[in-house]
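J.: Just so you know, the sequences run in chain order Z and H. Sequential numbering of the first sequence, starting at 3, is according to the working numbering. Sequential numbering of the second sequence, starting at 133, is according to the working numbering.
I should point out that these hints are in silico values taken from the structure, not numbers from a laboratory. Misleading hints may appear alongside valid ones.
Computed Cβ-Cβ distance ranges for the label pairs, DEER-style [said to hold, decoys possible]:
| id | chain 1 | residue 1 | chain 2 | residue 2 | range |
| --- | --- | --- | --- | --- | --- |
| 1 | Z | 19 | H | 148 | 44 to 54 Å |
| 2 | H | 193 | Z | 134 | 13 to 23 Å |
| 3 | Z | 61 | H | 220 | 20 to 30 Å |
| 4 | H | 193 | Z | 31 | 57 to 67 Å |
| 5 | H | 251 | Z | 85 | 19 to 29 Å |
| 6 | H | 251 | Z | 83 | 47 to 57 Å |
| 7 | Z | 169 | H | 251 | 51 to 61 Å |
Note that the structure is a prediction, hence the values are computed from the model and not measured. Backbone N, C-alpha and C fix where the C-beta goes; we use that ideal spot for every residue, glycine too.
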Amino acid sequence: MSHLPFENWIFEREKLTPSQISELEAHVKSCQQCSQLQTAWKGVEVLLEKPPLAPAPPQFVNRFQANLAQRKANRQKRQIRIILFGLGGSFILLSIILVVRLLWSVPPAQILSDLIGWITLAPQRWSELRYILYYWGSQIPPLTLLVFVLILVGWSILLLTLWFLTLQRLSHQGVRGQ
Amino acid sequence: MINHEMDMLIRAQNGDEEAFTSLVLQYQNPVYNLCYRMLGNAQEAEDAAQETFWRAYQAIRRYDRNRSFATWLLSIAAHYCIDQQRKKRITTMDIEDWMEEVIADHSPEPEKQIRESEERQAIQSLLSSLNPQDRAAVILRYWYECSEEEISQALQLSVSAVKSRLHRARLRLAQQYQSQHYAMPERIHDESPAF
Chain Z
3 MSHLPFENWI FEREKLTPSQ ISELEAHVKS CQQCSQLQTA WKGVEVLLEK PPLAPAPPQF
63 VNRFQANLAQ RKANRQKRQI RIILFGLGGS FILLSIILVV RLLWSVPPAQ ILSDLIGWIT
123 LAPQRWSELR YILYYWGSQI PPLTLLVFVL ILVGWSILLL TLWFLTLQRL SHQGVRGQ
Chain H
133 MINHEMDMLI RAQNGDEEAF TSLVLQYQNP VYNLCYRMLG NAQEAEDAAQ ETFWRAYQAI
193 RRYDRNRSFA TWLLSIAAHY CIDQQRKKRI TTMDIEDWME EVIADHSPEP EKQIRESEER
253 QAIQSLLSSL NPQDRAAVIL RYWYECSEEE ISQALQLSVS AVKSRLHRAR LRLAQQYQSQ
313 HYAMPERIHD ESPAF
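Only chain Z is shown next, with the shape it has when bound in the complex:
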């Protein structure tokens, strides 16, 4: 015996037309399997129609807020780590590239002899540098020198403040949109 349409009808009785309901009832009377299925499905429907569960646990929203703050803080820390590792990694990579390029273009013996020469001549160059600075310092008018120093210090303070504020923003707010 085929149960196909009747099985569907049992599950979706509310969609049936009156004639289909009569047909289903006639079939169910003559078919033990469909009769059992219908009885069982009515039992399931009773359970499915029970009201929903109790509300979410108390303080659910507070815990969400705490979780959110914690997760955002973790995400920001991760972003900072990524930025610092990225910058550090780029610097190391660049250094390696420069060293490799230097070793590639100049023989190691030449580098060594240049280095020894540079170290040997360092005291002499230092005294020359001091002489140059002293000479130019005596030539430049004191007011010009003061203005130059003030500009230098002003820019240094400005750039350091910007750097500090950027770091602070990254550590407190993270990179937006990530």
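Based on these hints, arrange chain H on the given structure of chain Z.
T.: Below, chain H without anything else, positioned relative to chain Z:
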């Protein structure tokens, strides 16, 4: 969609945390209940609901306001619970959790509470016989009154796949109910394509 809710959504999409929190307040019960039905355990359900809202928070800018927010949120919850179940293969509600719920309840009507708990247990027992996706389809259909179209959107299935899953799930639920309440009749093999 209610204007107030739309206003909250727009504000949440613009990064207003308070607006998102008010959405959490509004939807905590449906999301928690879906997770509870799916996972059958109060603690896991709360963790899943918290995770659902976190995921929603992260993706809120991508939410399409033409879609139902409730369906979108329930879709996130359903997918997360399905993944969790696949990982853990939870089959039944932990009886200790259930007893804990019954004992911890200090309601003035303990008999009613016990009866309700038994009903919850019966429902969970039935639901646990379904695979995670079929279970999600049944929960969305019967507790959230989602249409087949909405279920298909939430579970990213075709409408015909949803119909097929619902049919299979109903049959399975009825068989499970039969086996729990009556002597299981022997199924006749090859009698018809349906049985």
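J.: Indicate, hint by hint, whether the structure satisfies it.
T.: Here's how the hints hold up against the structure:
Between residue 19(Z) and residue 148(H) the C-beta distance comes to about 51 Å, which sits within the given range of 44 to 54 Å. Taken as a hint, the range 13 to 23 Å is violated for the pair residue 193(H) and residue 134(Z), whose Cβ atoms sit roughly 59 Å apart. The beta-carbon spacing between residue 61(Z) and residue 220(H), approximately 26 Å, falls within the hinted interval of 20 to 30 Å. In this structure the hint that residue 193(H) and residue 31(Z) lie 57 to 67 Å apart at CB holds, the actual value being about 59 Å.
At about 54 Å, the beta-carbon gap between residue 251(H) and residue 85(Z) misses the expected band of 19 to 29 Å. In this structure, residue 251(H) and residue 83(Z) meet the distance hint of 47 to 57 Å, their C-beta atoms being roughly 50 Å apart. Between residue 169(Z) and residue 251(H) the C-beta distance comes to about 58 Å, which sits within the given range of 51 to 61 Å.
The earlier numbered hints that this structure contradicts are 2 and 5.
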